[in-house]
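Chain B is fixed; fit chains Y and F onto it per the hints.
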Amino acid sequence: MILKEELKYSKSHEWIALDGDTAVVGLTDYAQSELGDLVFVNLPEVGDTVEAGEVFGDVESVKAVSDVYSPVTGEVTEINEELLDSPELINDDAYEAWFIKVKDVSATEELLTAEEYKAFVESKQE
Amino acid sequence: MLIFEKSRPGRGCDLLPASDVEIYLPEEKDKREQPLHLPELSEGELSRHYTELAKKSHGVNDGFYPLGSCTMKYNPKINEDMASLPGFTEIHPLQPEHTVQGCLEIIGEIENSLCEITGMDRMTLQPAAGAHGEFTGLLLIKAYHESRSDEKRTKILVPDSAHGTNPASAAMAGYKVVSIPSAPDGGVDIEKLREAAGDDVAGLMLTNPNTVGLFDKNILEITDIIHECGGLCYYDGANLNAVMGTVRPGDMGFDVIHLNLHKTFSTPHGGGGPGSGPVGCKEMLSDFLPSYLVEGEETLHLEKPANSIGEMKSFYGNFLVVVKALTYIKTLGREGIPEASRNAVLNANYMMNKLKDLYPMAYDEICMHEFVMSLADLKKKTGISAMDIAKGLLDDGIHPPTMYFPLIVDEALMVEPTETESKETLDDAIAVFRKLYELAETDPEKLHQAPVTTPVTRLDEVNAARHPHLRYAF
Amino acid sequence: MGSYVPNTLEERKKMLQEIGYSSIEDLFAHIPEEVKLKGELNIPNGKSEFEVRREMEQIAEKNQVFKTIFRGAGAYRHFIPAMVKNVTSKENLLTAYTPYQAEISQGILQSIFEYQTMICDLTGMDVSNASVYDGATAAAEGVAMCQERKKHKALISGTVPPYVLEVVETYCFGNGMELEVIPEKDGLTDKEYLKEHIDAQTACVYIQHPNYYGNLEDAEEIGKIAHEVGAKYVMGVNPISLGVIKTPAEYGADVAVGEGQPLGLSLGFGGPYLGFMASKEAMMRKLPGRIVGETVDHNGKTGYVLTLQAREQHIRREKASSNICSNQALCALAVGVYLATMGNEGVRQAAILSMSKAHYFAEKLEEIGLTVCNQAEFFHEFVTRSEVDSDKILRALEEEGILGGYPLDEHHILWCCTEVNTKEEMDQAVHILREVQGC
Numbered sequence: 001m002i003l004k005e006e007l008k009y010s011k012s013h014e015w016i017a018l019d020g021d022t023a024v025v026g027l028t029d030y031a032q033s034e035l036g037d038l039v040f041v042n043l044p045e046v047g048d049t050v051e052a053g054e055v056f057g058d059v060e061s062v063k064a065v066s067d068v069y070s071p072v073t074g075e076v077t078e079i080n081e082e083l084l085d086s087p088e089l090i091n092d093d094a095y096e097a098w099f100i101k102v103k104d105v106s107a108t109e110e111l112l113t114a115e116e117y118k119a120f121v122e123s124k125q126e
Numbered sequence: 001m002l003i004f005e006k007s008r009p010g011r012g013c014d015l016l017p018a019s020d021v022e023i024y025l026p027e028e029k030d031k032r033e034q035p036l037h038l039p040e041l042s043e044g045e046l047s048r049h050y051t052e053l054a055k056k057s058h059g060v061n062d063g064f065y066p067l068g069s070c071t072m073k074y075n076p077k078i079n080e081d082m083a084s085l086p087g088f089t090e091i092h093p094l095q096p097e098h099t100v101q102g103c104l105e106i107i108g109e110i111e112n113s114l115c116e117i118t119g120m121d122r123m124t125l126q127p128a129a130g131a132h133g134e135f136t137g138l139l140l141i142k143a144y145h146e147s148r149s150d151e152k153r154t155k156i157l158v159p160d161s162a163h164g165t166n167p168a169s170a171a172m173a174g175y176k177v178v179s180i181p182s183a184p185d186g187g188v189d190i191e192k193l194r195e196a197a198g199d200d201v202a203g204l205m206l207t208n209p210n211t212v213g214l215f216d217k218n219i220l221e222i223t224d225i226i227h228e229c230g231g232l233c234y235y236d237g238a239n240l241n242a243v244m245g246t247v248r249p250g251d252m253g254f255d256v257i258h259l260n261l262h263k264t265f266s267t268p269h270g271g272g273g274p275g276s277g278p279v280g281c282k283e284m285l286s287d288f289l290p291s292y293l294v295e296g297e298e299t300l301h302l303e304k305p306a307n308s309i310g311e312m313k314s315f316y317g318n319f320l321v322v323v324k325a326l327t328y329i330k331t332l333g334r335e336g337i338p339e340a341s342r343n344a345v346l347n348a349n350y351m352m353n354k355l356k357d358l359y360p361m362a363y364d365e366i367c368m369h370e371f372v373m374s375l376a377d378l379k380k381k382t383g384i385s386a387m388d389i390a391k392g393l394l395d396d397g398i399h400p401p402t403m404y405f406p407l408i409v410d411e412a413l414m415v416e417p418t419e420t421e422s423k424e425t426l427d428d429a430i431a432v433f434r435k436l437y438e439l440a441e442t443d444p445e446k447l448h449q450a451p452v453t454t455p456v457t458r459l460d461e462v463n464a465a466r467h468p469h470l471r472y473a474f
Numbered sequence: 001m002g003s004y005v006p007n008t009l010e011e012r013k014k015m016l017q018e019i020g021y022s023s024i025e026d027l028f029a030h031i032p033e034e035v036k037l038k039g040e041l042n043i044p045n046g047k048s049e050f051e052v053r054r055e056m057e058q059i060a061e062k063n064q065v066f067k068t069i070f071r072g073a074g075a076y077r078h079f080i081p082a083m084v085k086n087v088t089s090k091e092n093l094l095t096a097y098t099p100y101q102a103e104i105s106q107g108i109l110q111s112i113f114e115y116q117t118m119i120c121d122l123t124g125m126d127v128s129n130a131s132v133y134d135g136a137t138a139a140a141e142g143v144a145m146c147q148e149r150k151k152h153k154a155l156i157s158g159t160v161p162p163y164v165l166e167v168v169e170t171y172c173f174g175n176g177m178e179l180e181v182i183p184e185k186d187g188l189t190d191k192e193y194l195k196e197h198i199d200a201q202t203a204c205v206y207i208q209h210p211n212y213y214g215n216l217e218d219a220e221e222i223g224k225i226a227h228e229v230g231a232k233y234v235m236g237v238n239p240i241s242l243g244v245i246k247t248p249a250e251y252g253a254d255v256a257v258g259e260g261q262p263l264g265l266s267l268g269f270g271g272p273y274l275g276f277m278a279s280k281e282a283m284m285r286k287l288p289g290r291i292v293g294e295t296v297d298h299n300g301k302t303g304y305v306l307t308l309q310a311r312e313q314h315i316r317r318e319k320a321s322s323n324i325c326s327n328q329a330l331c332a333l334a335v336g337v338y339l340a341t342m343g344n345e346g347v348r349q350a351a352i353l354s355m356s357k358a359h360y361f362a363e364k365l366e367e368i369g370l371t372v373c374n375q376a377e378f379f380h381e382f383v384t385r386s387e388v389d390s391d392k393i394l395r396a397l398e399e400e401g402i403l404g405g406y407p408l409d410e411h412h413i414l415w416c417c418t419e420v421n422t423k424e425e426m427d428q429a430v431h432i433l434r435e436v437q438g439c
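Protein chains in written order, with the numbering used here: chain B, 1 to 126; chain Y, 1 to 474; chain F, 1 to 439.
Note that these hints are calculated values from the structure, not bench results. Just to be clear, a hint being listed does not mean it is correct.
In silico SDA-like pairs for lysine to any residue, Cα to Cα no more than 25 Å straight-line [said to hold, decoys possible]:
1. 423/Y / 299/F
2. 63/B / 427/Y
3. 124/B / 404/Y
4. 14/F / 428/Y
5. 124/B / 315/F
6. 356/Y / 442/Y
7. 63/B / 21/F
8. 319/F / 113/B
9. 155/Y / 310/Y
10. 446/Y / 100/F
11. 63/B / 455/Y
12. 14/F / 427/Y
13. 380/Y / 357/Y
14. 55/Y / 100/F
15. 151/F / 183/F
16. 13/F / 284/Y
17. 63/B / 468/Y
18. 423/Y / 8/F
19. 356/Y / 29/F
20. 62/F / 427/Y
21. 63/B / 428/Y
22. 301/F / 444/Y
23. 217/Y / 21/F
24. 124/B / 113/B
25. 152/Y / 178/F
26. 153/F / 47/B
27. 14/F / 29/F
28. 47/F / 86/Y
29. 6/Y / 8/F
Treat the numbers as computed from the prediction; the structure is a model and nothing was measured.
The shape of chain B in the complex, shown without the other chains:
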């Protein structure tokens, strides 16, 4: 499981890079390895409002689909359109393959540090 110290994590397996009231959100490396080869991503539209703890998109593997939750509340300013054509980028490097950028962040889910997230994942596996 690859983790990045500088990022925060949600219990629903998203990573988040917070900078003031803007945020970048993606799927953790642990999540991508559990889901296997991803074949498609559904993303919101620019201008949409996302809410902390609510679904904002989903990722598809060949035989499964999983919701992706937003760890923050705010407005989507950008989506990673590259993922729409090349979902394999998420499998290649989950922390490069960001999903959405959000502004006016007003609320967040309970966020974990890298260490806490690692402990959380390990506790789930037992």
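This is chains Y and F only, laid out in the frame that chain B set:
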């Protein structure tokens, strides 16, 4: 090779005569400009092409097909013959009623028989398949509550072990789906059901025997709980082949059901369809049925129920499929229908008992027409998954069981032998299953590579989905 | 009694003994007595094949098979090459399940891939699914797939067949799409009404072309009106007409759907038929139902699989856009065989002959005093008006074994001609009607 690659300009078949009237063409603004690229082959080449495709396909006629939940029983020849009678195939759906008395008789007679087998009062033959039947049944439930101005009922309860069409159909009918967990014994968790049952519940969707192949003994309590909260009970007929002549959904407290004539009543699956998904209901729902019902004694006619939900598709359903199912019912009749079910259950229990010392059963008790094995331990031990065993079966000419369903069982293989298989076929299959288990322990790599005798080996599904290539590029 | 259980009573007994039971009843003993059926099913006794055949044949004989049919209205008698029945009777194809096990289903998967290609070619679209139940459900699914978060209104032309409208209504009753019917004007979609009622909330506009009355709509213009507000344009088309009439793609449609029955499926009292659905690439993932894609196996060999499955109910469950599972696979095979056998020339010929014969017949009917109501160009169906009751006209034809057009009301009849209607048949019908018309 694709048929387009075999095409050569100028070849073809002589099929239609020259025009005996003056040629009339559309004006330029409506005339097709895009060229057509349909295949151009001689009849001999065409015929060989399709023979080749047939060779690369596997039907019930090619061998044992224990595909759980799909009831792949033998498809009798007489059914096909009867559905090919010009007196059925050449009938226009909008002919005057007095010229289609035979068709109406077919619909009326099968309605009677199916109502008797299921304990329902009326039935529509219009739905084209199981999922279409579910959608229809849920709209009946919706119309019923609306007719009583009971508008707060927004939820449909569906067990977590249910087939994916159940929640999808409920959503299509505008309902919120509430998943009910299964109890450790595979049945409905009665306590959880009680908690979920309330005045916002429109109904429950259930199959019994359930999706793990067991008869839920609490069925009367379950349907009572739903009725007490004002909801209706929907029976998914996917597993009816286990209980015909023994138990009727109508007597278990179900108000509306769908059947799959292409499963239980022996019409072929045709590589994925057409099926037929009649929907039956109790009297209080019959006014809402879609399409037309056949009424009358001497002279038959079609009549639209008073508060019909409308039309689910054009005309009267997959009529020629219905003809096949009626042929089957007439053949088996009063004694044969129960006999089919009883032997389906016997064959399943026979196989289960001959495998359970090796393959762990998800629920080790008397099963109905199918049983579920879990390969979770085998996978942990050897790395061999349900998928690997399934692919291994292909090399022995056996169609694999249903894989990874129901979702509540890890590494599930769901086996439904059906009643039309002989003891020798079952014994042979049992031997193959046992051989594969041993192979998993001794040479797992070999199983990972399976199948090796098929026209292609395992295909790259990830590539197919990431970079969809969905038609031939001319 | 017929039975398809191979095991004899002796063998069943032996099987039971081997697994520790003495009778089949033991296997049902755990079912509570209070739900068990008391007594036997009240259905007729089983019969021998000989008896069943005789009974079914007797029932079939109660139907009247018309030697000549001038009725369409959604179901059409066309010529069906012998190849179609031959291929769809092949047991490996007929008795197979959905091709989830791709390695032993390459024949079926390839046939669907070929079908998808031919439907794309016929309609000019980029992507086709593997079929839905029929043309009416294809229309309903076509409308449903256009729904977006902020667009919940569908405008549907009043010139589509009544049962198509009803099926779309049924589907919309469940899925929350608001449906508005664009009225008919002179047998065509009222474009002025459309312009006034279309807005930014409109998800799609649906028309049928040729429409219920046989007329060709101003299809290109209607597409432009839809696209101006960002709505999708869904066209229902008669596939035979595409042999000579512009494709939905040429008219600017985003989604093309239709009834596939004219392509090699018998009338069969209404089914099984087939709904085809094709779209532009941008809407590929909105298409419901199964889709086959090309890929390679472990050795690099080309093969076919069901793909984009995460759209479907068995994976997406309540979030799937459609619940369709079983489709009309064998009918899709029939359509593929039909199109391959007819080829470019055959399909074009069927289209031109149908259109030519309809125009000949319309002209002859006018000569004996019926009025052809179609003011626009029509394909192979047209509406007549007569002072004589529709019933009287149709009865006169029926007496001679001819199924006349479909009565729309007391004085209007919707007629249809296809390549199977000969000049001789048409002249005979005209001869009969000359008397009825009293001229």
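These are the hints, each one checked on the structure:
1. 423/Y / 299/F: violated, 38 Å
2. 63/B / 427/Y: violated, 33 Å
3. 124/B / 404/Y: Satisfied, since the Cα-Cα distance of roughly 22 Å is no more than 25 Å.
4. 14/F / 428/Y: holds, 16 Å
5. 124/B / 315/F: At roughly 24 Å apart (the allowed maximum being 25 Å), residue 315/F and residue 124/B satisfy the hint.
6. 356/Y / 442/Y: holds, 20 Å
7. 63/B / 21/F: The given pair, whose Cα atoms are some 40 Å apart, is violated under the 25 Å limit.
8. 319/F / 113/B: violated, 32 Å
9. 155/Y / 310/Y: holds, 22 Å
10. 446/Y / 100/F: Holds: residue 446/Y and residue 100/F sit about 22 Å apart, inside 25 Å.
11. 63/B / 455/Y: Distance ~23 Å between residue 63/B and residue 455/Y Cα, so the pair holds.
12. 14/F / 427/Y: At roughly 13 Å apart (the allowed maximum being 25 Å), residue 427/Y and residue 14/F satisfy the hint.
13. 380/Y / 357/Y: holds, 18 Å
14. 55/Y / 100/F: holds, 17 Å
15. 151/F / 183/F: OK: residue 151/F and residue 183/F at ~21 Å, within 25 Å.
16. 13/F / 284/Y: violated, 44 Å
17. 63/B / 468/Y: holds, 15 Å
18. 423/Y / 8/F: holds, 10 Å
19. 356/Y / 29/F: Judged against 25 Å, a Cα distance of about 21 Å means the pair holds.
20. 62/F / 427/Y: violated, 47 Å
21. 63/B / 428/Y: Given that 25 Å is the threshold and the Cα spacing comes to 31 Å, the pair is violated.
22. 301/F / 444/Y: Between residue 301/F and residue 444/Y the Cα gap is close to 24 Å, so the pair holds against 25 Å.
23. 217/Y / 21/F: Roughly 20 Å separates the two Cα atoms, so the pair holds.
24. 124/B / 113/B: With Cα atoms ~16 Å apart, residue 124/B and residue 113/B stay inside 25 Å; holds.
25. 152/Y / 178/F: It holds: about 21 Å lies between the C-alpha atoms, which stays within 25 Å.
26. 153/F / 47/B: Holds, at about 22 Å.
27. 14/F / 29/F: holds, 19 Å
28. 47/F / 86/Y: holds, 23 Å
29. 6/Y / 8/F: violated, 50 Å
The structure fails hints 1, 2, 7, 8, 16, 20, 21 and 29 (numbered hints given earlier, in ascending order).
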